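Read off the chains here:
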Amino acid sequence: MTVVSGHWQAVGGVSDALTRGRARRGAGTYAGLRWAGAAIFVALLLGLVITVAAQSSQAFSHSGIGFIWSGTWNPANNQYGAGILLVGTAITTLVAMAIVVPVGLGVAVFLSEQAPRWIAAPLSSAIDLLAAVPSIVVGLWGLLVLTPVFARHVEPFFRSFPVLGYLFHGEAYGPSIILASVVLAVMALPSVVTLSRTALSGVPVADREAAIAMGATGWQVTRKAVIPAARSGIAAALILAVGRALGESIAVAMVIGNRPAIPHSLLAPGATLGSAIVNQFAEATPGLATSSVIALGAVLLLLTLLVNLGGQALLRRRSGGDRSPAAATVLPRGPTIEAEAATAPDGAIHDPAVGRRLKSAVREHSASSLGRRRLTGNLMHLLCWLAVIVGVAPLAALIYYTIVRGAGAISWSFLTHAPTPSGIPGGGIAPAITGSAKIAGLALAMAVPVGLLTALFLYEQAGKLASGIRFAAEVMTGVPSIIVGIFAYAFLVRPLHHFSDLAASFAIAVLMVPIMIRANEEAIRTVALDLWEAGVALGARRSRVARSVVLRSAMPGVLTGNLLALARGLGETAPLLFTVAAPTAVMTLLIFSDGTQPFADAQRAAWGTAFVLLVAVLLISVATRLIAWGYTRNAR
Amino acid sequence: MHRSRIMVALVAVGLTAAACGSSKAASTSTPPGGVVNKLGPAYDTATATSVTLDGVGANSIDPFFERVFYDYHKANPKTTINYSPAGSSVGISDIEQNTVAFGDTEIPMAASDLAKATGGAVLQIPVDLGGVAISYNVPGATQGLRLDGPTLAGIFDGSITKWNDPQIASVSGVTNLPDIPIIPVHRADSSGPGWDLDDYLIKTSSAWVAKVGTTKASKTWPLATVGIGEQLNTGVANYVHQTPGAIGFVEYGYALRAGFDNAALKNQAGSFVTPSIQAITADASQATSLSSSKYSIINEPGAGSYPLANFSWTLLYQKQTDTNKGLAIGKLIDYVVTTGQADAAALGYAPLPASVAQLAVTTLGQLETAAGTPLFS
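Residue numbers (the numbering used here), protein chains in the order written: chain H, 1 to 636; chain Z, 1 to 377.
Listed next, with one range per pair, are the computed distances between beta-carbon atoms: (1) Z/Ala370 to H/Gly441: 33 to 39 Å; (2) Z/Ala110 to H/Ala418: 34 to 40 Å; (3) H/Val149 to Z/Ala370: 54 to 60 Å; (4) Z/Ile180 to H/Pro102: 31 to 37 Å; (5) H/Tyr166 to Z/Ala110: 45 to 51 Å; (6) H/Ser413 to Z/Lys325: 30 to 36 Å.
FYI, nobody ran anything at the bench for these hints, they're computed from the structure. Quick caveat: nothing in here was measured; it's all calculated off a predicted structure. Heads up, the beta-carbon is just placed ideally off N, CA and C, and yes, glycines get one too.
So here's chain Z without its partners, still in its complex pose (with noise of 0.2 Å):
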């Protein structure tokens, strides 16, 4: 009840702000899908003192991270980040140690998680939409290749082994595939792409789930001992680079700036779609009632809906004990939801539905100082 008479009010500036155009003032700009930034008092960057904010967690989103945080930068000198893309498990346990000032995960906090968080209540904010795509190294596939759950789940799971399986032929209908053999690759370390897909195999394969032994996704790959396991997307993607005949799943960002093929997944709707920044927003369109703990956006409805998309979640404690850092966090995540968006797409990412945006920034507004006053009013 309270965080939607917020949510209210926050519409109803949104859309004054809107109305009279773009403001430049600093505590007010108009970002993409019209949500207005919120945060305040002015926090003046220029005469603050310096800070270092020290954050750790997904890999999925270091490109984009790594350049909304460089732009930041570049605007705000005083304010330093250090973004450590050690996955998404690296940012849980590290927000939950409190040895970083923020940290970030593609697949929200579970509340056995937050219980586990030394440093109190914590915020997850939603900061990107990114999507997985499966990436393949098939010498002389030229045609795009169109690949079902029961198919991937073969591929995975050892028992289909060679390109020119007629099943792949079948379900992707291109027939001229090599007779060379399949190398599946998967994460070593634990992430948020595997859970994703983990996920979409669970709802579309039975042989998958019967294999695996269970319908919750895991963000450790739970058949680690078919195929080859590299770390972090760089990993799995610079080995689908080097070896013909890898497929693997990769995080869309890294997959298109690599200049990978990916093949088209059919989703819920029965048709095949090829990951692409609209496909990827057309399947978070469908979630309507996004949260924290109701985050999953795997195989939504809708014939133009890529089926593996999902959110990638910022860690940040509610109560900051330094209020000069706590400002500084919250002035940057705020930019991330915001005006940051805009580098989203070239680089992979879609940029955020408005009412997610705006969801990301009512969270933002809960931020408090150590005496448990809020840091922005």
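For reference, chain H alone in the conformation it holds in the complex (with noise of 0.2 Å):
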């Protein structure tokens, strides 16, 4: 009820518009400008697809469709398979979504479900920011800290299992398979949990007492009424996680060990296609070798694309079809109506799927099982602690050397001064700095008028058009950045003849657009549909009822949505290796360049680099609390 009052006074703005004049300028022109956003996001996904296509064409040509599956990568004589670089990329995430699921799932369970305020309140908070924590922190923090730990204890460690052991036979290099799978797990983790929370929190407390009320355990609550009900944000949660798993390339490439080959034991240096790509793009010229490494880009494009389109189809199965206002009028709206249903007002269980869940909870309780069934909820409480602890534990110790290492190298000389070479003291990362807020900030430019006019779109257009742009962004969110990297390199850098901030910039952009188109839509869509009626009911044009009354409301959400984005493009790494001049001029491919040396200067710049992005990227996201919260006290 407290929102709406802010949503009156929108539609009071619309109706003064209506009364100060009625003329029909511009109605046209916000029709063009939607068009014209979404023509421009569709054109940048077929350049993006068309260039993949075209650059991999001679690899394909050559090896044929077997290109994929062939077991040869060594470039040394001329053969390019991606079949090992699949086999290795599919392992890699495989073991990391198994460090994932359970651990991820069981701290947001904890969070949700069990702890105490005090606990959850924090510890979410702070899970949520480590979310924007980019990739390239924690691959420096995999290759200085943990790959000499692996390598002298944790290695030995899991090798020293009796039946285990052999999945980790061999010797212990540090660089592993295991050792890539636990730094991608530690990235795609806090947004794991945080999306899992948001999915668990966001069930109707009336499903939870209704199973209470039946005599569930509190573990039965949560996996009777809880879990089942969450299941499609979940689901989209690891689906994102496995993309994210898929296409990481840096932080691999630096922890994996590089070996095209079938890995015998987890123990094993690897290769994935991401590391692949990294490690051999280096002759951009055309022909045989650049053209089979874009292939490899192609390859893992439509593994990711498969990936989603599982995903969707699975989440398609749960939960109900077009949502846009045009359909809404006549459709009844998915998540809402359904929990309505689920918890009328007489208490009555509307929905036969809770019922039915609710009724094997009841079976079970008829049974004199209280004892067997509270063991389990006490043996599941425990295991959710373990959870926290497991998951808690590297992320406390990623912040801890960042910080702790970082900290150490922050002085004005280090944020003001240029890069000096080796042995000449004093030197800085200010370029790095500056270049870094730059791209960030001409990203943004080119990046938000393209995701709010599509979201737009989306919100104003039903049908297959609309529906099909909608679940191109969604897959285009899982999209490799390198592979956006290679599109930047052939779009802008090759033409122009020369690297430029314009190219790494449209690269980032590029990977925010997506981002942006559904978070802005997901924001524009919780404005009730009611004040859109309303706002058209008193004969407003629809660009006056979008900018009075949809857009603002919706505005802590698209602020929101838009700053996280411009936190992710902030730690983006992969796509200014193909963009920028130089190393020195962007601070995530200083990190990799500093970080991957054996000197100590170079390392405490490295890390002195990673904590001054650290610190930006989560002051963007508290600012993005911020304002939610301000906006949200401020329609109180």
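Work from the hints to combine the two standalone chains into their complex.
Structure follows, in structure tokens:
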């Protein structure tokens, strides 16, 4: 109710506008802008796909479709095939998910269902913030902190287990499939926890109350009522994590040992599609070698698409179709209506699914199994605690090392001076800080209009085209950033004959746009449909309704989403490899180039840069939360 | 014929200048080796418009470039240089694609590479003389390790797996090496140092040739399925630094700065030599007719020669479409191959031999404007 008053002010704004004059000026402009935004997005998508397809065609015509599963990757002998790299990608992703699923869900359940508020609230906020940690920072930590620890302690420890040890036989090199998987898991964990927790907390209290009323234990409420209701949100979180694990390139290349062979053990070094692209995209001259590397990108793109298609299909089975206002006026809107149905005011269970689940709980209850159920409950509680320890420890270590090693490097001259060559003291990272700010800022300026207009297009437009674009945006959020780098190189660097901030910003903008479209649309959709209807009923033009009602009410969500995209853009590394003139010109590349050096001063600079980047990204995240919080307060 | 005449002229001017003592004139100075900077007209960097020169290429030369570019920019603040040490192959391909002002590669462009250059003829200029160290991290190995081609090949093809292997003991003369696994580290990207070591192993080990199946050295490491692959010299060096049992090949400048133990390698004359400025210079001095097509100085004769040495080559388009940039890049590289060589030794690079510096300056003299007139007369 509290929010609505703000909305009514907005509608008031419309009627003011209407009394002031009913000129039809600009009626077509709004439609034109919407269509233009959507058209630019589609053009970007097509450009990306066509670039990757065109540039990989030589490899496919040379090796045929067999390129995808052909087993040898040995550029030294002109042998190109993605098979082994696909296996490496699949194994690291599977192992990472084998860690992320139990740990991530355990932490999410703990935070949403079990933890007392004084733990849950701060821990949830902390983990939400960690979702924005750039993957290069995780990679740096993996390389400089985890690698020696793994070589000396963790890998020999796994090897010493009687049966499990077989998975871990062989030499403990440090860089390995298992290390890469752990790094991927740490990278994916915060967002899985955040999104799953949000989905779990979103399950209506009445569902839980109903289950409790029927005698379910705490864990049964979680298992039978809450998790099933939150399933689609959790699935979406996991799909996102799988996409991220599949497509991560630089951080993996730093810790996997880069051996293009079928790993005989989890301790063996390996190679993935992404890591091979990072290592081999050296010769960007047209030719079979380059084409084959880009073909790896095509295979990766295909893989990402399949995972997304599969995931979307799974999700679509559970929730209803078109959600544009045009359709919504005649169709009931999915989640809200379902929730209402499930918890009608009289307390009766209308949703057959919820009813079934609860009935099965009752069936168990009727048996004399309270002791067993309590035991299971306690056991699960314990496991969730364990998940929290396992999940939070590496995240805490990551932040601890970045702060302890990074803060020590920070000084006024470090922030304001240009780098000096080795041996000359007093260098700093000033060009990298300004470079990162410039590139991210320019990218933001390019991406915001496209993201906003495309979201409005999706809001106003019903039908196949809109759902197609929406789906494309969803898939594109999972496109590995290194592929976008290849696209920007082919599209801007090569034709313009020089590396540039423009090309870098373009690449980052391409990565931001789909995130913004999704976030903006989500935000816009939370605006009650009645308000849109009210605006239209008052006779306002759609553009006026969009501006004065929809965008105004959705502003906190829009700002939050766009700022999160900015944070992600600031933390990107892979696309900059192909677009920026010098590694000292951007923070993420500087972390990569300095962090891989054996020299103490370079490593200190890398940690210092990681610290600055982390602070910047966290500040943006905090700002988004403050904005969202401020708006809710104002609305009250 | 034409080129040799210019060389003669240069040497003559050089001798004159040397005889007159060092001159402070902008276009004339006396760098190490007695070669005279012949580029003119005087390019007054103080009054020139600001230029930014982007370069991409070899990772091996980066510590040296970093230093000379820093010094040059301090003296000529209007010239800003960005160098991205992404690897030799990137240097070649970015010059081919004409996306940078200059490239740099440890292995010069072959005719097939030159044919792909989109901006016309490419000048290849030798700019530094470096070496590749075989660095190892073996706890307790206080005596210097000595290795020959066959033993090194055995280590990198995976047939010698422990540090206390009898073959290592007999070749190196060190008998107390620990019973720990050898972890060979190679480059995950294609590289000049990889080419150098591959070339040395091909020349010294028939078992290696049988294993890789070719006598043509490769920039991409041919046995990537053995050991660990790391990116760039820094990645390899970092791994050697943090992992007991590791052995890898890194540019000498990096090994020197990291304070690594480096193996003495058996050279063509049969003596074991550790990498050093003198030993690298000795190896390079054997190469009398260096050119961008006859560039290998791997395993040269001479008892004092360190077998893994090589020149790094800067790549420029002969026709500079932007005259101002062309002048700036010419003066910069001119500085690098002459005055800048004074920075080399401290960073682990041997100063260019006089004949090579002359070759460099002569080649720079061929730079032209878009219209085809020489940039420097």
